[in-house]
Every structure is written in structure tokens, then in C-alpha cells.
Amino acid sequence: MAAYLKPVLKHGLVTALALSLVLTFISPLLAGAMSVDVTTAKSNETGTGSVLGGEPTRVTWEALVGDGEQVSAVRVELPEGSSITDDSSVKVTVLEGTTRLSPENTAVMNKGDASVDVSFAAPLQPGQRLRLEMYKVSLPNVNGEVTLSGTYTLANGQVLDLAPSPAIEVTHASTAEKISNWLGEQPAVQAWNSVTFLRLFFQPELIVSSIPIVAVGWLISLGLVLVGFPLAIPIGLIAAFMKIARARILHVLAAIYTGVVRGTPLFLQIYIAFFGLPLLGIDINQYVLAIIVLAVNSGAYLCEIFRAGIQSVPNGQFEAARSLGMTGPQTMFYVIIPQTIRRVIPTMTSEFILLYKDTSLLAAVGVMELMLYSRSIVSLTGNMTPYIVAACFYLIVTLPLIRVVGNLEKRLALADSGGSAPKKKGRKNRRGAFAQMREEIAVNTEQAAEELQEQVRIEAHVDDASGPLDMDEALDELQDGAAVDAQIADADERGAQR
Amino acid sequence: MSEHGSMISIQHLSKCFGDNEVLKDVNIEVAKGEVVVVLGPSGSGKSTMLRCINLLEKPTGGHIFIEDKEITDPKTDVNKLREHVGMVFQQFNLFPQLTALKNVMLAQRKVLKRSKEEAERIARFELDRVGLGDRADYFPAQLSGGQQQRVAIARALAMEPHVMLFDEATSALDPELVRGVLDVMHSLAEEGMTMVVVTHEMQFAKDVADRVIFMEGGVVVEEGTPDEVFNHPKHERTKNFLGHIQ
Ligand SMILES: Nc1ncnc2c1ncn2[C@@H]1O[C@H](COP(=O)(O)OP(=O)(O)O)[C@@H](O)[C@H]1O
Ligand SMILES: [Mg+2]
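In the order they appear, the protein sequences are chains A and B.
Going by the working numbering, the letters in the first sequence line up with residues 1 to 498, in that order.
Going by the working numbering, the letters in the second sequence line up with residues 1 to 246, in that order.
For reference, chain A alone in the conformation it holds in the complex:
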């Protein structure tokens, strides 16, 4: 994370550059000793301005020869933890004003202590500028500023210390960033990236380096919804009970709550909560506030889910429980709710999925979550790949849940038509038990279907208890009812004969 965000937040590199520039202009005034006025390292991270520690980079070092000094050799020491390899090289440039000179010199890179020795056949004169460009050297893998030190030798043999160089901001390279850098050097990856579309949306290096960052956002989003959703459940339940309560005031309050929350965008609710509460002087931690907003929002939807679930339980269930002397709360708790839970779990899971995706809206008010983490990399790199990574992080949660919802719904449909095996079947011979269960379900389903048909037939004739009847209708009914009664009596007799 830090690798990308530090530059954004601190503008470290920019500051370092600015500082170097200022020093360039004021350095002649400080002359008298050789002054190191420029040290920079080329960014070695894909798409961003950061300099990663432990990864090859190009370090540029410049110094101005001071008044009255003649410099015959310079030794530049890279900071502790830097490395120079066989691939490393150094380019020496000497400038006088804007003119490039080519004095005879020897430059040696020391792998052992990560230093560079340059010596000149003819000493450098005051006002001349020495520039060393060190290719493929690595700075230490740390977070923070590093400086280059060293010594210079005057023509008279006197050895003096170099003043500390301007600082270079180095960011710690994670494993992912190292892999990412390695990938960037692979020819296959480079070929892939030569296709604009692939580079902009599926850049391998960026996929690798954004995963650990986006993962942090993912954990935060998941955390928000894993705390917010369970809080929404009691809110939804209470609101659902209020809605079906007989007391008018409770019903009205619940209706206002669900109406307002469901009738306005979550985006707006987030804005009001995040910008409105501070105006009132209420200062809540933004993650806590995010959880509250999510819970209140989801509670309203859950309320409707629970209410519909409760009302989908046939009225006969209430009547059967009440006719056994059970109180209202007992009926709710032991008879209605258990049936409701089974029915609402699929819809509740869908609501969870929606809420999880909706955490992305919190990015608009600066809550660091999945969306904002990926957006910060996108705005740094100008590349869409982090959004694709974010999409994957949403999907690893939502896709399995979508499957779960599907399976639950299927099982619910099966249970409604068949039911499950009796408990006493025991564990052994599971296969047999399951086969039997499937058979039973099939038989029961058939039976249920037949019963239903029969019921519908009889009800249509016998118990069509609708509306006030006029005489003709009543007579018709009387005849129909009698006809069915006759049928039933017939069947009765048949039954008795058997």
C-alpha cells in the first residue's frame, strides 16, 4: 500500500526534487568546498513515481567543484544496504556551463561496499560539474529517505569528506512489487502489454502489485458488511414486528422508516450522514458511521423481507397455534418465525450481496474501502487494471453467495413439496437412506399433488364461500354441494365395503 500512497499523500519525490532545484541555485554561494547538489533515482515502479528499494534503478549524482579546489578523484558511497552487481555500470559526464567536456578518467564500481571510484588524469577545475549516472544499482529496501556520502581527493592529495547529498525518497518493495518488477522485464509480458487494450485493462505487473493493496480494501469492505449486516437483522425484525403490530403508531413509525430509507438512494443517505452529522458537531469515527449507515439502510430492506416472510406463513398456522391456547408471542416465536427463517434466508443472502456491493458508495465520502483503494492506484497509474482486480475481489464473495442462494431456493422448493427423511433412519447406510428419502419425497410429492387437486375440486364445489349469494346462486351451490356429497358418500360406501 505504502508504495503507491506515500507519494500521493506526501509528495515526497516532488519535495525532494524541489529541494534539489533550490540547492542547485544557491550552491554557488556556498562554494568553497565541493558541493553535491543533485541526487535522484529513476522510478523503477510501473506507472508510478516511486523508487523501490532493493530493485535496480538508475541513480544520478551531481556535484559542483568548489572555488579554489582541483579535484582529481571522487569516491561516492551508496547508502548502507545498497547493492552493485555485474550488470551495474556507471557513466561519467563533466560539464562546464552547458558544454560537455570529456576528460580522461577511470571509473570503478566496487561491489563489496557499493561504492564508485572515479579518478581523472587532469584534475577538475572550479565551476566544473561532475555527473555520475549509475545504472542498475539497488538502493536499500527501506521506507524513507537515503543519502549518498563519500570523499573527494584534491590535486594536492588531500582527502576531504563530501557534504551529504540531497535525499532520495525510497519506498520499501514488497514481494508483490518485486514479482511485478520481474514480470515487467519478461518478453512475454512486454508483448502482452504492447496490445493497448490488454495493457490498459489486464496489465500483469499491475495485477500483481495491486492485489495486496486492493486486498486491504477488500478486508475493510468485508468487515464493514460483516458488522453492519448482523446489526441490520434486529433492526429489520423490530421494524417488521412494528409493521404487523395492531398499534397504529408503531405501524406508522415503521412505515416512515422503511419508506424513507427504501425511497431514497443509499448514496444520498451516506452524504447526509457523513456531511450532516459533523455540521451538528457530532464527530463519529468514519468506519463506525459507515457501519451505522449500512445497518440502518439494510434494516429497512430486511424489514420488508421479514414482513413478507411472516405474512407468507398461511393464516391456518396462526389459528392452529392460537386454538391450542398459545399466546401471540409464543405463536410468533415457536411457530411462525421458524417457518419464516427458512423462507427468508435466500432473500436475506441476496440482500447481503447487495449491501456488500453497496459498500463501494462509501468511497464517495472518503472511507477507505475496496473501491477507494483501487481508485487510488488507478489515478496514479492511469490504468484500469486495478479496477479489474477490484471486480475480482467483489466476485470472490458474491459469486459463491449467488450459488448458495440458488441452491437454497432449490432446496426450499423441494422441502415445500416433499420434506426430509425422518431422523430415526440413523447414520449407517447413508446411501440407502438417501435413496429411500428421494423415493419418499417423490411419493409424497405425488400424493400432495393429488390431494391438492382433489382439494381444489371439492373446495370449488363445496366451500366456495365468497360474497353474498343471491337465490339462484344459492340453489346452484346447493345442488353442486349435494352432488359432491353424494360422490363422497359413494366413496364412503366403497371404502366401507373394502
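Check each hint, because a few of them may be wrong.
Claimed, not checked - Residues from chain A that keep clear of chain B, each with C-beta distances beyond 10 Å, as calculated:
| no. | residue |
| --- | --- |
| 1 | Ser72 |
| 2 | Arg248 |
| 3 | Thr327 |
Stated by the list, open to error - Pair ranges (Cβ atoms, derived):
| no. | chain 1 | residue 1 | chain 2 | residue 2 | range |
| --- | --- | --- | --- | --- | --- |
| 4 | A | Ile233 | B | Ser115 | 54 to 62 Å |
| 5 | B | Asp137 | A | Ser350 | 29 to 37 Å |
| 6 | A | Val252 | B | Asn79 | 45 to 53 Å |
Simulated from the structure, these hints should not be mistaken for lab results.
Positions of the beta carbon are idealized from the N, C-alpha and C atoms, including for glycine.
Got chain A sorted already, so can you dock chain B with the ligands onto it with the hints?
Below, chain B with the ligands without anything else, positioned relative to chain A:
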């Protein structure tokens, strides 16, 4: 009315659903131990009358006494009343998430506060009584309609009701499943249970009823012994109704 004492006394009962007057000045007496069968065409108010007896419907007018306690009095504890009035519905209304055994145990535990052991003992006894001792661990969906209805009867009986109300208990059943339920009801009657039975099973009425009531259009048109009502109906409408059956 009877020497054994009154179980149910319905006096000038009326019930309106909005403008629709479904029961008009209904008067019915049921003595302890009596089996009363209520006949009548669809929509005549039989179910409504039955549901008024345990206050699943609130009467609009009149008085109902059960064992000489006025249940239409607002001070009556409705839940207490319902403990003593068992009801069996056309649609069984078993609790689908519970096994047969648990269906019969639930109200015993929660309403009568019986211990788990006692409730289970009684539940198994009642399931045996309706011939389903071996189906205790089945869920309702795994039972036939007739078996479900018998579990529903066991569930009501486990509460040790003083009177049982049956609302077309066999109307939703396949013809071949009706017998088993009627047999259970028959033996209940023989054991002396007070019963009010709404049914279309004429043979059952003739065999089991002490008294038959014929309702139509929300009023009691005729009542008497099965012999009086079936063989010598006084009213034209009764004759008409029975004529279509016999
Ligand atoms: N809950 C209700 N709301 C409105 N009307 C009802 C309700 N229950 C029953 N009724 C009406 O009352 C009348 C009698 O119904 P019911 O008692 O079920 O008759 P029965 O059981 O004899 O067929 C019917 O006309 C029916 O439409
Ligand atoms: Mg009815």
C-alpha cells in the same frame, strides 16, 4: 338443558363481516358428552359459528357460555378458554417444521408447562390412540393427508380439551383416507368426548350424532335427533338439502 350440565350454550349469536350478516340470532345448546353434527350448504355460516366458539372470530352480538363461563365477556382469558376447546381444521394446519411428535408436544410444553418427559409420554400416547405411534418422527410433509389430520387430532387431544370442534375434518382428504379419520372421531365419541362436528359425511352423522343441526343462510333451520332430521325433516329447505343427497 341436559342433566349432565351444559358444555356450550350459544345465545342469540350474530356475526357480521362488514355489511354481510353471516350469523343471525343463532341459538345452540350442547350438553356435556353430547355429539352434535352441524349440516348445511356451503356459505351457511357453519365454520363461522364454530370459530366463534373459541373466539377465532369475535361475535358481533349475543352470548356464548362454555361450562357456564361467559366467553364473550371481555374479561375472559381467551388463551385459558382455548386450552379447553380443541379444534380440528379442514386443512390440518400442522406445524411443518416439527415432527409429528413435536407437533403434539409444543403446546403442552409452552401452554400447559408440562415437563419434556411428560409431554413426550402424553404425545406418544395420543399418537398411538390415533394409530400413528410409528410415525412420531415423521414430518408432516412425509405423511398422507389422513395421517396429518389424525396427528392434528392427537395434537388437540393432548391438551385434554373438554370439547372438540371439527370443521370439515375430512373434506380435504382423498376418499380412501377419510375412513381412518372418521374412525378416530367415532371412537372419541364413544369415549364420551363432547363434540361439535361440521361435516358432509351423512353416514357419520347418522351413526354417531346425538343431535343434528341444519343451518342455512346464517340461521339454524332445524334441529333434532338424526332420525328426526334425516327421516322426518319438518322444513322444506332441509328436505331439499337432504333430497339432493339421498
Ligand atoms: N373472514 C371473513 N371475512 C369476510 N367474510 C367471511 C369471512 N369468513 C367467512 N365469511 C363469509 O361468511 C359466510 C359464511 O362462511 P362460512 O362460515 O365459512 O360458511 P360454511 O363454513 O358454512 O361454508 C360466507 O358468505 C363467507 O363469505
Ligand atoms: Mg366451512
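Please settle this one: A/Thr327 was flagged as non-interface, so is its CB more than 10 Å from every CB on chain B? Check fails; 6 Å does not lie beyond 10 Å.
B/Asp137 paired with A/Ser350, Cβ distance criterion 29 to 37 Å: With a Cβ separation near 34 Å, B/Asp137 and A/Ser350 satisfy 29 to 37 Å, so the hint holds.
C-beta pair A/Val252, B/Asn79: status relative to the range 45 to 53 Å that was hinted: Taking Cβ atoms as reference, A/Val252 and B/Asn79 lie about 29 Å apart, which means the hint is violated.
Does the claim that A/Arg248 lies outside the interface with chain B hold up, using a Cβ gap greater than 10 Å? 19 Å, holds
Just to be sure I understand the hint, the distance between the Cβ atoms of A/Ile233 and B/Ser115 should be within 54 to 62 Å; is that true here? 33 Å Cβ-Cβ, so the 54 to 62 Å window is violated.
Looking at A/Ser72 again, its CB stays over 10 Å from all of chain B? 95 Å, holds
Consistency note: the structure conflicts with the earlier hints numbered 3, 4 and 6.
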